[in-house]
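With the hints as constraints, model all of the structure from the sequences given.
Top to bottom, those sequences are chains A and B. Per UniProt numbering, residue 1 is the first one in the first sequence, and the count goes up by one each step. Per UniProt numbering, residue 1 is the first one in the second sequence, and the count goes up by one each step.
Among the clues, some could well be false.
Identical copies carry no separate label here, and so any pair may be met within one copy or between two of them.
[Stated by the list, open to error] Subject to a maximum C-alpha distance of 20 Å in a straight line, what follows is the list of computed SDA-like cross-link-like pairs (lysine to any residue):
1. 181 with 21
2. 304 with 280
3. 362 with 408
4. 177 with 20
5. 177 with 362
6. 181 with 20
7. 177 with 21
8. 181 with 214
Hints in this document: simulated from the structure, not taken from any laboratory.
Protein chains: 2
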Amino acid sequence: MVPPLRRSSRRAARLRYHHYADRAAGLRASEVRALFAVASRPEVVSLAGGMPFVAALPQELVINAMDSVMRQQGPVALQYGSGQGVPVLREQILEVMALEGIRAHADDVVVTTGSQHALELVSKLFLDPGDVVLSEGPSYVTAMVIFKSYQAEVDHVPMDEHGLIPEALRQHIVRLKAAGKTIKFLYTIPNFHNPAGVTLSWERRVEILEIARQNDILVLEDNPYGLLYFDQPAPDAMRSLEQEGVVYLGTFSKTLAPGFRVGWALAPHAIREKLVLANEAAVLSPSSFSQLVISEYLATADWKGQINTFRGVYHERKNALLGALEEYLPELTWTNPNGGFYVWVTLPGGLDSKAMLPRAVKELVAYTPGTAFFADGDGRQNMRLSFCYPTPGNIRIGVRRLATVIRDELDLLETFAGTGSLDPLRESARFGSPPPETA
Amino acid sequence: MVPPLRRSSRRAARLRYHHYADRAAGLRASEVRALFAVASRPEVVSLAGGMPFVAALPQELVINAMDSVMRQQGPVALQYGSGQGVPVLREQILEVMALEGIRAHADDVVVTTGSQHALELVSKLFLDPGDVVLSEGPSYVTAMVIFKSYQAEVDHVPMDEHGLIPEALRQHIVRLKAAGKTIKFLYTIPNFHNPAGVTLSWERRVEILEIARQNDILVLEDNPYGLLYFDQPAPDAMRSLEQEGVVYLGTFSKTLAPGFRVGWALAPHAIREKLVLANEAAVLSPSSFSQLVISEYLATADWKGQINTFRGVYHERKNALLGALEEYLPELTWTNPNGGFYVWVTLPGGLDSKAMLPRAVKELVAYTPGTAFFADGDGRQNMRLSFCYPTPGNIRIGVRRLATVIRDELDLLETFAGTGSLDPLRESARFGSPPPETA
Chain A
1 MVPPLRRSSR
11 RAARLRYHHY
21 ADRAAGLRAS
31 EVRALFAVAS
41 RPEVVSLAGG
51 MPFVAALPQE
61 LVINAMDSVM
71 RQQGPVALQY
81 GSGQGVPVLR
91 EQILEVMALE
101 GIRAHADDVV
111 VTTGSQHALE
121 LVSKLFLDPG
131 DVVLSEGPSY
141 VTAMVIFKSY
151 QAEVDHVPMD
161 EHGLIPEALR
171 QHIVRLKAAG
181 KTIKFLYTIP
191 NFHNPAGVTL
201 SWERRVEILE
211 IARQNDILVL
221 EDNPYGLLYF
231 DQPAPDAMRS
241 LEQEGVVYLG
251 TFSKTLAPGF
261 RVGWALAPHA
271 IREKLVLANE
281 AAVLSPSSFS
291 QLVISEYLAT
301 ADWKGQINTF
311 RGVYHERKNA
321 LLGALEEYLP
331 ELTWTNPNGG
341 FYVWVTLPGG
351 LDSKAMLPRA
361 VKELVAYTPG
371 TAFFADGDGR
381 QNMRLSFCYP
391 TPGNIRIGVR
401 RLATVIRDEL
411 DLLETFAGTG
421 SLDPLRESAR
431 FGSPPPETA
Chain B
1 MVPPLRRSSR
11 RAARLRYHHY
21 ADRAAGLRAS
31 EVRALFAVAS
41 RPEVVSLAGG
51 MPFVAALPQE
61 LVINAMDSVM
71 RQQGPVALQY
81 GSGQGVPVLR
91 EQILEVMALE
101 GIRAHADDVV
111 VTTGSQHALE
121 LVSKLFLDPG
131 DVVLSEGPSY
141 VTAMVIFKSY
151 QAEVDHVPMD
161 EHGLIPEALR
171 QHIVRLKAAG
181 KTIKFLYTIP
191 NFHNPAGVTL
201 SWERRVEILE
211 IARQNDILVL
221 EDNPYGLLYF
231 DQPAPDAMRS
241 LEQEGVVYLG
251 TFSKTLAPGF
261 RVGWALAPHA
271 IREKLVLANE
281 AAVLSPSSFS
291 QLVISEYLAT
301 ADWKGQINTF
311 RGVYHERKNA
321 LLGALEEYLP
331 ELTWTNPNGG
341 FYVWVTLPGG
351 LDSKAMLPRA
361 VKELVAYTPG
371 TAFFADGDGR
381 QNMRLSFCYP
391 TPGNIRIGVR
401 RLATVIRDEL
411 DLLETFAGTG
421 SLDPLRESAR
431 FGSPPPETA
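Okay, structure coming up:
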């Protein structure tokens with residue numbers, strides 16, 4: 001009674017393709033994606049990724065927690081849960097946040113599928129097309145992908161070795177308001193910034209919160225690395241100073257393991273209910289199993305001692321990276337992070353980190369070009385080097401290979417000096433000056 | 001140097017509250033939410049929820065899978081993974097889908113945080129404000145929440161005991177197109193429909209796909225319950241007939257356990273890349289740990305036998321529910337599902353399921369009012385009864401309590417007959433006629 005089915009033609013597929021929502025235009029594969037696939041081969045030393053070194057976590061701790069959870073509350077772990085997250089875990093999250101000066105109520109904690117999803121949900125709740133998100137320049141790649149996927153504009157505020165510059169923030173706000181823009185968030189990573197490696201000073205935290213309050217701008221404080229400090233702790237969280245104007249984002253991905261996908265938002269009470277509804281719409285509930293395993297781990301294992309172990313691992317690797325840079329590439333400048341995963345490197349004028357990447361991968365070393373961290377194409381003279389995952393020995397090998405590539409590039413540049421053909425970047429790089437504490 | 005901080009005033013919080021994006025208006029707590037909190041007390045027999053009976057899954061199977069994963073590939077399980085999902089699991093998902101006639105390539109499978117998140121991601125990619133989503137009337141609550149959260153309109157197409165009515169679908173499309181509307185999806189649950197309990201016939205699957213193709217409407221085929229049939233399998237999936245025009249949504253929540261939050265989309269190849277990018281933006285990657293445990297379970301346990309066990313459990317419970325309805329409430333009509341979790345009940349004219357719910361909870365029985373399943377306030381004469389979670393004995397007790405409530409309501413109605421004060425629903429309910437196979 002109906003005509004026989006045929007496979008849809010390619011034409012039909014193309015027509016459907018054009019049916020994407022306007023916001024989908026913001027979701028594009030990055031240009032370096034294909035290269036990174038190559039860079040994941042074992043012979044390549046990758047200073048590009050942000051994978052925590054989970055091998056430093058004793059597996060027995062995780063296995064024991066899983067076994068206890070399954071034997072004591074298996075049917076709960078296997079079931080749907082609350083859209084806000086497991087109550088006991090939300091209480092424990094308060095203890096984690098207290099280490100950075102935060103006092104809060106478990107009612108205002110919303111557990112999410114990694115803190116990435118908290119960022120997605122908050123963006124979905126707040127961003128209308130054309131809204132502006134202020135962020136450091138450079139900033140975290142996948143945060144900017146989210147903001148753009150909701151058709152917001154990202155406006156980069158300059159930073160220096162003490163983090164975001166308050167006076168620059170004021171100027172940007174004045175300029176944007178004069179242009180009739182609606183500023184929704186200040187998105188900031190105050191501790192051991194990704195990718196810049198710097199930490200916002202206490203005085204600036206106070207000042208920036210005051211600016212945000214005066215201008216009715218919600219602060220998204222993203223703090224994945226805060227507990228992974230090296231010499232001394234970072235200043236207390238911005239959320240410790242202000243509760244109604246800050247959405248604080250935390251995660252177990254760096255202090256435990258990302259494979260569970262458990263993070264959280266600590267939200268102002270007025271926002272919390274909508275955030276839970278958005279979470280339920282998106283995933284019904286975060287994984288009960290993952291939450292209960294983490295809760296059991298926090299209740300029974302020496303989780304603070306484990307964070308100390310991670311700090312030791314990453315500190316040693318940072319020293320390896322900075323030592324290798326000093327030895328092999330003293331003509332470069334870089335930041336000296338007091339925690340976290342990343343160093344931000346400034347290349348000599350004339351070099352282009354994005355153009356250079358294929359040659360680096362050919363030399364079996366990978367990094368992330370600075371352009372990935374700017375919404376506006378800036379950052380060619382910078383690169384992010386991660387010290388979180390490779391061993392200290394491999395970090396040294398990687399930097400040595402990188403030095404070969406950079407020397408070759410500089411030789412080429414010198415050969416063609418004055419012809420103008422290889423010199424598009426003679427102007428100074430953004431956030432390019434070396435901080436005083438760096439060699 | 002800066003003024004001392006004060007707590008933000010309530011005024012500031014309210015101002016920020018008004019900064020929500022337009023789309024956030026669609027995220028509102030349902031009116032029955034508070035009641036369901038009460039209904040979760042142990043003395044209440046809940047015929048309201050959709051929780052699978054995970055206690056029917058031997059916990060040793062899960063514990064063994066976890067142990068193997070942690071001992072054999074712990075660092076992978078604890079790490080970030082691919083935004084598309086673990087390759088070996090995507091291959092295994094092909095085997096699961098093959099049971100319903102689907103042939104596909106693992107490249108086109110995208111693993112998500114439950115199939116709920118697949119629905120969220122596809123909606124984010126496709127829905128512009130004002131777009132129309134066609135769905136059955138009634139339809140799955142939280143799908144409609146997502147569509148509305150992207151400011152799409154839900155247009156309900158009537159169904160009968162054989163599912164969505166193709167001729168009605170044609171008429172709706174003509175009417176919507178004449179009104180200048182853009183129809184993006186047909187969202188459908190062909191098997192053991194939530195909440196209606198009916199199954200789309202094979203002939204209609206063929207016909208509806210042809211209608212969708214002619215009108216360039218993407219079909220979202222949501223199939224959480226397909227493998228949980230009772231007497232005979234449901235017809236093959238719509239995706240078995242058409243690959244470019246169907247996004248198929250599957251999940252392990254009902255055939256294994258929802259606590260892992262692992263589902264998937266099988267997407268047309270042209271869409272797949274954007275879907276992965278949207279998934280990465282939202283959660284970076286789905287949980288490696290959950291995926292590997294499920295993969296290990298599928299590789300080593302008798303997962304088909306376990307699905308048979310679940311089928312037996314739910315079949316027995318459906319029989320208990322229908323038996324109790326026949327015994328205690330023969331004046332009602334209901335659907336007779338051949339699988340899944342739900343029966344759709346039509347009340348005698350004049351009764352209002354939403355108004356009646358508080359009285360039912362007082363009598364220690366809960367159900368979901370039909371209004372929850374319509375975007376337009378319809379459904380007052382219907383309720384959804386779930387037989388998935390309570391034991392057969394408790395199901396009988398719940399229906400007996402429900403009968404008390406309904407008798408009381410009918411008595412009241414009779415007392416006031418002719419006064420017009422309690423009789424707003426004398427017109428026939430939508431999808432209210434009993435299917436022929438029902439008592």
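Next item on the list: Give the relationship of residue 181 and residue 21 under a CA distance limit of 20 Å: within one copy only, between copies only, both, or neither.
Entry: Between copies only: 14 Å across, 23 Å inside.
Notebook entry, point to check: Which holds for residue 362 with residue 408 at a C-alpha limit of 20 Å: within a copy, between copies, both or neither?
Noted result: within (13 Å within a copy, 80 Å between copies)
Checklist line | Intra- versus inter-subunit Cα pairing at 20 Å for residue 181 with residue 214 | finding: within (16 Å within a copy, 43 Å between copies)
Checklist line | Alpha-carbon proximity between residue 181 and residue 20, which holds within one copy, between copies, both or neither at 20 Å | finding: between (26 Å within a copy, 15 Å between copies)
Notebook entry, point to check: How do residue 177 and residue 20 come out at 20 Å by Cα distance, when the copy is not named: within, between, both, or neither?
Noted result: between (31 Å within a copy, 18 Å between copies)
Check: Should residue 177 paired with residue 362 be assigned to within, between, both, or neither, using CA atoms and 20 Å as the limit?
Finding: This pair counts as neither: shortest intra-copy Cα distance 47 Å, inter-copy 55 Å.
Item checked: residue 304 and residue 280: within-copy, between-copy, both or neither at 20 Å Cα -> Intra 31 Å, inter 30 Å, cutoff 20 Å: neither.
Notebook entry, point to check: For the identical chains here, do residue 177 and residue 21 meet the 20 Å Cα criterion within one copy, between copies, both, or neither?
Noted result: between (28 Å within a copy, 18 Å between copies)
Hint violations for this structure: numbers 2, 5, all remaining hints satisfied.
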